[in-house]
Structure formats: structure tokens, C-alpha cells
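Trainee: Letter by letter, the chains look like this.
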Amino acid sequence: MPTKPKPVEGEKKVFMTGNEVVAWAAAAAGAECMYGYPITPQNEIMHYWTRLAPKFGLIFLQTEDELSAGFTMLGGVLAGRKSFTATAGPGNTLMQEPLSMAEMMRLPAVVVIQQRGGPSTGQVVYSQQEVTLTSLGGNGEGLRVVYSTSSHQDLYDYTIKAFNTAWRYRFPTFLLGDGYQGKMREPVVMYDPEVRGVELVPAEPYVGRPGTPGVDRPPAHLRNAYSIEEELYEAVMELVREYEKVAPEIVEHEAFGVDGARVVAVAHGVVFRAVKGVVRELRQQGVPVGYFRPITLRPFPADALRRVAATGVRLLVVESAYGQLARLVKEALSGLPAEVHGLYKPGVLVGQGEIATRIKTLVQGG
Amino acid sequence: MQIQPAMPRSWRPETKPHKFCPGCGHGIVLKALGEAIDELEIQDRVVFGCDIGCSLLSWDFFNVDTVQTHHGRTTPVMVGMKRANPELIVVAYMGDGGGYAIGTQHLVNAATRNDRITVILVNNTQYGMTGGQMAPTTLPGQKTETTPFGRDPELTGYPIQGPEMVASITRDGAYVARGTVARPRQLKEFIKRALQNQMAGRGFSFVEALSTCPTNWRTNAEDTWKFIEKEMTRYFKVGEVKVPPELARGKGEREDG
Amino acid sequence: MARPVKILLAGEGGQGVQAVAEIIAEAAYEKGREALYIPNFGIEQRGGVSLAFVQVGDEPIGPPRFETADLAIALSDRAVVRSRPYVGPETTFIYDSSIGTNHLPQGVARLVAVPAIEVSKKELHPRVFNVMILGAVIGLTGVITVEEAKEAIERRLGHRFEKDPALRELNHRAVERGVELVKGKL
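Protein chains in written order, with the working numbering: chain G, 1 to 366; chain E, 367 to 623; chain Y, 624 to 809.
Not the full set, but computed from the structure, chain Y residues with beta-carbon under 7 Å of chain G: (1) Tyr652; (2) Leu659; (3) Tyr660; (4) Ile661; (5) Phe664; (6) Gly665; (7) Gly685; (8) Pro686; (9) Pro687.
No more than 20 Å apart at the CA atoms, straight line, and that leaves these computed lysine to any residue pairs for SDA-like: (10) E/Lys596 x E/Pro506; (11) Y/Lys654 x G/Val14; (12) E/Lys509 x E/Arg600; (13) G/Lys360 x G/Gly312; (14) G/Lys13 x Y/Glu774; (15) G/Lys13 x Y/Glu771; (16) G/Lys13 x Y/Glu645.
Please keep in mind that the hints were generated in silico from the structure rather than gathered at the bench.
Don't be surprised by glycine CBs; every beta carbon is placed ideally from N, CA and C.
In isolation and in its complexed conformation, chain G is listed as follows (with noise of 0.2 Å):
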């Protein structure tokens, strides 16, 4: 067989929007399938896709909503086939559904998640409010692996890693952008993975695998349901442990400035960005301020945190949504005597001048 060609050759720094980002770092990845449903602010990606699609001899279908795009997507990956979808909003409601199934079933999976407002159909622009859907959402335990990403060059670096991470671990695997980050310019390097000495995790089918089932094999028989309590139980109890016990080489947090602060500002994705740039500015005139950035939601960096939270700093959760990511904090702080202070505004980005205010405040003891 002929071997394709690279979508991504070498290395090269571009300037493009983040859904085109998306796109070629999963060509890159070695995705092959691509399932989607129009909803914006994550078209583009699926624009991005069918224009690389014939050159890199790609798979591409419009599905008729997103709960044909997910489960599309798991006969792509059962077949074989690293595969994928994106979507948002109400198209993310929908996506629980096929993710839970993979959930169950430990189908590997790549969903970009490119937040717009809500609930409903709310506004279409940009949001952190799919925090705990994504992280949580489904009628099981959450046991996947949620990357929030604030930069392109995040975009690029932790989609290749989503498909790593979901192929190595078989784990359900989000990536959680926003409209934002899906809509703006900026620069970012791309690359071939070869090139960082990045291994890519190879696809096995879970199906169609040579020889007839019940001659030369066993047949495979992949079911979600069971029968009684007892063996669900069985089940979903070996999910976790697997879970657990990969947990901590998966997790990924960032910190600054924490060794002698008052306050620690806690945020994600976009709003990461506004926060870094308030506590690097407040840090060099003598304020005692740091941050801390959970990079993955799941599993989420509670050891980290929690050594931080340990040495009696206040903490301010700075997010796009009325405590979604807080949630996660105080879940992951539970039990130890941390104050937990909070500035929300749903659906629309913190502006510096606010957090800078509030960061004092908190500093001078208010």
C-alpha cells in the first residue's frame, strides 16, 4: 500500500483560526474519520476537515444530529478507524448520550467541545458553562478525560494528545475549547508528531479482525447492558479502578506564584489567559498572588491543589459560568479549611480590570 501523505510535514508556525487548528492537528493525530452535525461555533472544523479530506484521503459525513455524530463516530472506532466529532451547546447535551455508551463499553473517542452559552440555545459566542456536562455528563460516573485548552498552540499539542490519550487508556476523550478559541487568529506551531518524538497510538479493530468468530477466534461480543444489579456493579466497579489507577498519569495542572501567596486565582481555558496576565502584572509590583490552572477538568489535579490550598491561601475560582469549574475545586479541596471565593460571570469573558480588583481585595484581607 502507498503510504499517504503527512497532512502536517516537519514544522511550521502559522496563523489561523483555532477550529482550523482542530482540524489539522487531527489529521496530524492520524484520525481518519470525521462524523459531525453543524452547530456553531465549531463549524469549521468540519469545513477545515472535508478540504483536507481527499488530499489525505480522510472519511467525512454530515450526520442528521449529534446523536447520529457520536455514535457514527463509535461504528468508526469499532471498525477500526480513529475517529471523531464536534460539537457544542445543546449538540454536547445530545453527545452524552453516544459518549456514555463508550463510557460503558471503554471505546476510545475524541469529542471537541467548542462551549457557546447556555442554557438552551442561549447565545452562540462563547462560554465555560459545559464544564460540568462534559466533565460529569452521561447517567454513569464521568470516567473519562477532559483537556480544557487556552491557547492554539494547546489546540494543537492536546488534540494530538486527546487521540493518544483516548487510543492508550480507552477512555472517552474531550477536548474543551470555546467559541473564542474557535473563531480567533493567532499564531501556533504545528508539526509533525514524529518530528517532537511524539509516538502515535495505534487503532486496533474491535470488530471484522481476521478468521470467523466461533471457528478460528472468539466472536466479539460487546454489549452495554446487563442483567442484574450484581454484574453492572462488577462492571462499572472495574471501569473505576482502571480509571484510578491511570488517573494520575493522566492528570495535568499548571501553577505559578503559589510559594508565599495570599491568593491563588483558580481558571481554564480563556479565562486562564485574562488571569495569567493579572498575576504576572500584580507579582511584579510585590503582590503576594499566584494561579493555578487545572489543564485537565477530568481527572482534575485535586493532589495538586490540594497542596496549595494547604498552606492557608484563599482561593479565587475566575470562570465563564456560575461555578461550574468552583464545583470541581471545592470537590477537590473537600475536608481541608481553605476559603474558596468565587467571581462568575456566565457566558461572558472576565476582564482583567475585574479580576486585578478582586485579587486585592482579597489580598488586603476584604
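Following the hints, put chains E and Y in place on chain G, whose structure we already have.
Mentor: Structure of chains E and Y alone, referenced to chain G:
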């Protein structure tokens, strides 16, 4: 030596006897499918997808790779699989609730796109697994748990004409038929032709199978067969509805009940 | 920390403010600076006021939307109104001289009227109105040079210029005229 009833080679003996209720038609449909797989010698290429509802009980029925999915979602799973690997021969197996209610959008769109998959839909006029509620296929006047005084067409409409709908929205390469467990040999032929049509890459292939549910119909053997042969066929005409010209040379002419 | 230059462009759909924003951001990126550009894209994107947020600096840019623009340019009455939440005491506010003065923001650093619509119509061509605006931005901020703007325009429209060299000339003159229009306005 033990004497056993003839069983298709593609059945999995370890999981027999199967889990369906006494008198249930699923076993007959799955036997027809098993024989068709045997005759076409495609056991190593078929992937069987089953829905939620009583059809899920077939998840370990065959020595064939099998995926049990969600209610109504078997069609998209098999569509995604077929498009990712066209070498596979995929079968989406579902009930009337899965195909005609919760998963209608998938059935309609897969048919419209002419996806090269085979859908087998078992019509037993109600929801079996959940305890006998009204389905889109419930006959006028038929009593179910949610129509305790009989289905009133003024309030809830007439039984859906599934194959006729699929035939009207598909292109020429599609194969569409309605069989019945009352005529197993004919049903097997329909299923076989539906698989052959997919193998030839011609188009969407759809077989509705009229089936029995004495448990929820609350019928004895005699009334069960009377219902499927006399009552159901008043609304559901048995026979081939759409046959690609290349397939039409074979047998399987329409046999109205 | 060096702050980026923050530019807000606001106009009616069809006035071409997004193209101007993209050219500025891309040209800045090409010359090795940090740049970020994001359009507004709400449901009103079909036939309402079009806003573009551009930031150019020497360190990675922070959040994609800013609270206060250093330079805001509004090209219609409605665009003036939509721009007002993003202006402050430090903002230079540019508006087309054809706009009535009723809704103009108070308390900004500078209010500058530019006769871009009139000049483009009389001296050049209405289709290069937005290129004149590009020139005005360059004249006021220096975020990119006239030459860099011309190169960026060439990347976008070079294929059209091949067939119609006069169009290239028209665009170049529009950039230069835009720069002239704001000369001495700061």
C-alpha cells in the same frame, strides 16, 4: 450422541437455548438470518448490531462479531462502521420502537443517503421489553398498556407503513421487503437478498419482519398465529416492496397475505 | 509587562472591517510580532454591525476580547453605539465624518473625524473604502508599515491583481490616502 434441532452454523451453541419468551418470533427471524449468513458464507465478514428492547437479547446469539448499542442508535453505529470499513457486511437489528419511533431520523437519513447497510426490523406491534406499550405499529383498536381501551387512530394515528416509507425515500439500488415469521423460508430469502444487495454495494437494504409476542398480546398459540396471519396482514402487506433490477431476476415475488 | 495595542473596528456588514482586521493581524504576524484577531459572530452576524478585535504586541496576547480599546474606529451610526462599551479615557475614537455627532462617546482621549467615505467616493472608488480605513489605522498606530500592508493585500488579492493591475494601483493609493487623512490628527 445427542440429537439437537437443526441450528444454523453461525449460531453460537453455547448461548442456546436462547433467552426469548416462549412463542416469541425473534428466534425465527434470527434463524432466518443465521441461515442466510451460512448460505452466503459470510460469517467472517458480518458484524451484527442489535438495538435496545427485546432485540438486545441477541447480543451473544451468533458466532459473529456483535455490538449491542442504544435504543434507536444501531443504525448510526452500523453506518459509521460500514463507512469506516466497507469490507464489512453490517446488519442493524431492531424492533419497531427502535426503528420507527426513537430512531426514525436515523432510519430515514440512512435510507436517503443510500447507506450500504442491511436493517432488519422486527414488528410485533408493541414495545415488548418495557412491558407492552403502544408502538407506531400498534393496530387500531389493539389494547396495550398505554392504550388500555384500544388504540384510537383519531388520537394516535394508524400503524406506520415502514417498508413503504423506506421504499419511497430510497433510490433505485435499494432493496425493501416485508416478511413474516409465519413464512420462515420466504423471510430467509428476503434477508438473504437484503444481504446480497449490500454485498453488491447497490444500496440501502431493509427488511421488516412481522413477528409474534404472545406474552404481551396475552394470546394462546392459536390466537397468536391468527393475529399475525389475519390481523397484522390487514395493515402490513407481506412481500417485496422495492427490488433493484439486478436482484429482480431471482425469486421472491410479492406474496400478499 | 508590555501591553499590546488594542484596536476595535466597527462597521456595517459589507464595509469590510473584518478584512481590515485580518490584514493588520496577519501583517503583524508575518513580521514576527504577536497578534490576535477575533470577529464578533453572534446570531446578529447576518446583517448587523460587524465588530473586529485586533491586538498586536511583542509578548503572547492575553484574552481575545479586551475591555478598552486604544484605538476604536466606527464607520456608521450603529457602529458608534456598538463601540461605546469598549472605549475609555485612553481611547482614540475615529469615526467617519458622515456620521451624526449625537451618539459620539464623551470623555475619550481624542475624537477624530475622518472623511473616508467621501474621499473614497470622490477620489478613488467606494470598493477601497476599507483599504483607506486600513491606511488610517496604520497612520494612527504604526502597528504595521505601509509596505507591510501592501504585502498583506498582495497575499489576499494578488490573484485578482494579476488580471487587473489597475486594481493593485487603486489599493495602494487607498492605503496611502488613508495614512494622509489622519496625518496631524494625533
